[in-house]
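Please construct the entire structure, taking both the sequences and the accompanying hints into account.
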Amino acid sequence: MIKNIVFVALLITILTSCFREPIDFDLNDGDPQIVITGWITDDSTPQFVSVTRSTSFLGEQSIDYVDGAEATISTDQETYFLEERETGRFFLPEDWTAITGQTYRLEVNYEGNNYTATHEMRAAPTIQNPLVEEITSEDDSILLYQTLISFDDPVGEGDGYFIIDYQKGTEVSDFIERGFVGDDEFIDGEMLEEVVATNFDHRHEMGDTVIIELYSIGQNSSDFIEEVLTESFRGESPFETPPVNVSTNISGGALGYFVTSGMQRVEIIIEE
Amino acid sequence: MNFTNYTMRITTFFFFLLCLNTALAQSSILDQKITIEFKNDALDQALKKIQSSSDVIMSFDKNILPAIKIDQTFTNRSIEDILNKLLEETNLSFKLINKTVVIVKSDSQGAVMQKEIEKYTLSGHIYDESNKETLIGVSVFDANGDAGTVSNSYGFYSLSLPEGDYTISYSYLGYDRMTVPVSLNQNQTVDIDLSEMSATLDEIVISEGVIEREEHVRSTEMSVVDLDIETVQKIPALFGEVDVIKALQLLPGVQSVGEGGSGFNVRGGNIDQNLIMLDEAPIYNASHLAGFFSTFNPDAIKDIQFYKGGFPAYYGGRLSSVVDIRMKDGNRKQFGAKGGIGTIMSRLSLEAPLGEKGSFIIAGRRNYLDLLLKAVQNARNNGDSDLADTSFDLYFYDLNAKANYQLDDKNRFFVSGYFGRDVFGISSPEEEIDARVEWGNTTSTFRWNHIYSPKLFSNVTYYFSNYDYFLSFDLDLFKIDWDSRLQEHSLKADFVAYMNPKQTFRFGASGIRYNISPGEIKAISRGRVTEEVQVQINKSIEAAAYVDHEWELSENLKVDAGLRLSSLHNLGPQDVINLDENYEITDTTSYDGGIYNSYWNLEPRFKMRYQLNKVSSIKTSYSRNAQYIQLASNSNYSSPFDIWFSSSELIRPQLADQVVLGYFRNFKDNELQFSFEVFYKSFKNVIDFKDHAELILNENLEAEIRTGRGRAYGMEFQFKKDIGRLTGWLGYTYSKTRRQINTINDGNWYNARYDIPHAINLVATYDLSKRITVAANFNYTSGGAITVPIGGYDFLGTQVPIYSERNGARLPDYHRMDLSLTLRGKKNEQKRFKTEWIFSIYNVYNRKNAFNIRFVDGTINPGTTIAEKTSLFAIVPAITFNFKY
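Residue numbers (the working numbering), protein chains in the order written: chain R, 1215 to 1486; chain B, 289 to 1173.
Just so you know, nobody snuck in bad clues.
Simulated crosslink set (SDA-like; lysine to any residue; CA at most 20 Å straight-line):
{"id": "1", "chain 1": "B", "residue 1": "1157", "chain 2": "R", "residue 2": "1234"}
{"id": "2", "chain 1": "B", "residue 1": "978", "chain 2": "R", "residue 2": "1440"}
{"id": "3", "chain 1": "B", "residue 1": "978", "chain 2": "R", "residue 2": "1461"}
{"id": "4", "chain 1": "B", "residue 1": "978", "chain 2": "B", "residue 2": "1037"}
{"id": "5", "chain 1": "B", "residue 1": "1157", "chain 2": "R", "residue 2": "1456"}
{"id": "6", "chain 1": "B", "residue 1": "357", "chain 2": "B", "residue 2": "393"}
{"id": "7", "chain 1": "B", "residue 1": "1136", "chain 2": "B", "residue 2": "1066"}
{"id": "8", "chain 1": "B", "residue 1": "383", "chain 2": "B", "residue 2": "453"}
{"id": "9", "chain 1": "B", "residue 1": "978", "chain 2": "R", "residue 2": "1448"}
{"id": "10", "chain 1": "B", "residue 1": "1157", "chain 2": "R", "residue 2": "1240"}
{"id": "11", "chain 1": "B", "residue 1": "350", "chain 2": "B", "residue 2": "470"}
Since the hints were derived computationally from the structure, they do not count as laboratory data.
Spelled out as structure tokens, the structure:
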């Protein structure tokens, strides 16, 4: 099917003589800005936030970590000083334990400026009934598989979810792009059944061991990730909305976003 | 200052100016001082000498003049003094009617006889002799005087003159001038048949059409283009398909939304601020195939009037332009056919008489992209059964039909309609998929022309306009249907009173009922409806009434002042959201049936012409327009799936005030027309959408909308030549368009996306011989305004762009040249069947203009972001074969 669509698209492209080619374009880079990003979960893996500077959009995609910042994460009861194990990367103490339902406050100090953000760590619903579904590949030559999960949305609007799956033991470099994001605006308090967790471009094969993760990030963070996906992967459709900056929950003039979320993880083996 | 008060003051000032000029004009003509010498002249000769030496027109009955001879010289004396001297020894006197001095008998006491000088009206319709199509804009004038008028949109004219003998001249570009002697002693109806010029290449034709080209300087009209379809047909076109909208895009002050697109922006206005009408019914989406072709079949069109400013009071409802397209009435003399076979579509029109008093025309088009697709698909398949089972639909078609019937001299009826459809579908039984998208316009218009008296013409119109789209996505067990529809019913009446050759009064009223159904979605699973979403239907009424008075106050000064009262009334039952200052929904108010919200607006319109001399004039205009219905489009270009919505409690009507000042001059015996216009336009309540707005199937659309203000200003030059072997125009536009809306671009002013400062358009056609015409057009514009990243940062492996000011950067400049060659079949006047071949090349020097720019991961150096431009068209050759019977 896909090849048919591609074929039609190609033909239309030919008919309309559509061309793409690189172009020298001066973006008039602005001054570098401080960027603070962090996604803290209740998982046992090391948790950290990053402090960087913005870079030129064109050219090599590098990260410019800043040196000399200080970062803390606190609740009403406790304050955790984050350790700068690598330049610009601040890790929570290893004995740190996340508490779902708690609101966390991130504070970063750099060159006399103070940047803060808060986020509630919501508990992630239990993943129910993980499934594997067979998908015909584009050329029918091999069978591919996708995973599906079900879970209960708790009563009360404001929930947002991020779902991702990947093969066990692989590194996910395109975390945001690969996942699915959504909120409970229209499904508040309902059971979400057979939600696809596999990205179209990353389907699995027989014998793969697949990790599925469900993050409860809240509606605001869900909106933020939608914005990132819109702005970072703009196509060439003439019907796209005008480019606008993604939102930030960092106060004090920095860019970036701070998320805390509960996370559920299941492992599933694709087998006969 | 309160803006309404400001407007009222301007209106008051204009009317004061109008009254003042009237007073001045009335007292001046007999005070004109001349030097004149009579050498033993008879009285009638003396009177004629005065006429030729001054601005007055002499009217007299030769039989009442005494046989006296005059031998005297008057040096720098007023006309009144001279007349008094000439008539002092006679029993004659004179009286002034407008600019005409009428010589009458006095009674024994020397008083003027009280017999009124009667005025009578000459009226009628003007037709093309070959097919009895009415002709719009024909100049009708007294060949010995300067009284004149032009035929209206229905070919009707009315000219009131004092009793007497006249030679009336009828002149229209491309037609032989006709002069008719008329002895006007009663009201007379004279219908005229003008014949097309046969020798179009003779330079003598340059002397024809002088009067209508003088109208360029003489009329109050400015910012108006009357585009005849023959001119449009000569312009080289994309895929060789003649396109009315694409021709408009070549005019100063008009910008295309993008290469190949049918949308256009006029003097800083958004695309939804153009009122595009076909036989008075609005067309809500005037494009086929994502904008590459417009909805107007050139074979069915007679006339295009395009207003970008100085709007007459009888037009309303949009802020920036009016495109008034009139369909042909149909051949009343004989059966006729016309058609063409092009690279991408074919068309056919048929027309014929309906008895002796009527006619009809039917015209249709269809493109054959789907057939090309199938042919290519079959060629590629080579027996591949999978692909062979898959069918594609990708086509559009449209149908125009019109009939008219003349019941008697005073009543004529017209019925016309348009139906167009775009279809894109894919179906594969094997893959169990069936997806289909359709959209299109439907209009129907019924009109009744009634002539109450030779001086009072009326037209009553009922029209219906519908725009809808439909999406269906069927995956065997799961199906989604999505319907959206906008419907408009309207009844309007327009009256034109031709009071005298100097004054025309228009008045009328209209009402429009809108029904907008933004969307209904049905999700059907295993044969049953599992989910249904219906955004509530929006209902409203737009009503308006207007008066307009066109008055030639003196030979130099002419004004056209009008006032339009418009209103919008939202109708219940309706649930309306309430918003707080942060645009958050606080609660909902439910209204029952009837009107629950109204807006009223006064829209003054004013135009004035001051003629400097016979070949030049200055003109100015002011107009206020209100718009009550707009497009919810957050994208750079209008898509078929955008929805319209009306003003409401939360969304106030958009307003625009435009002031234009222009200088108009004709050169080379009116052969070359020059115009220079400066405009300033201010927008109020202009809309935009909040960042990351969701517009589709959003019941709370108002919460996504932000309103603010805008301004546009600029200047436009145009040289135009529309007669002779070489015709065309050269135009240059400089303009700026800015917006300021709270919450967008940090509340700072920003460029509108269609802010294009510089534009140059050159359109030229040259008749090499009677059989061969070559044409070219060149188009240069500044690049469109775009928003680009000035930096980026990493968020968990994704590069997030940082944008600067909205639309703060520009695409590369755009330029393109198109050429065409038309070869006509050997001309044989005896043969009715005529053919022509058109060979055209779009983008002849193969420039790859940037349609947009995107930023992508480089293929040579992954992990590196590069800028990449997309170009829609390279060089596009096309061949079209046209025939006419």
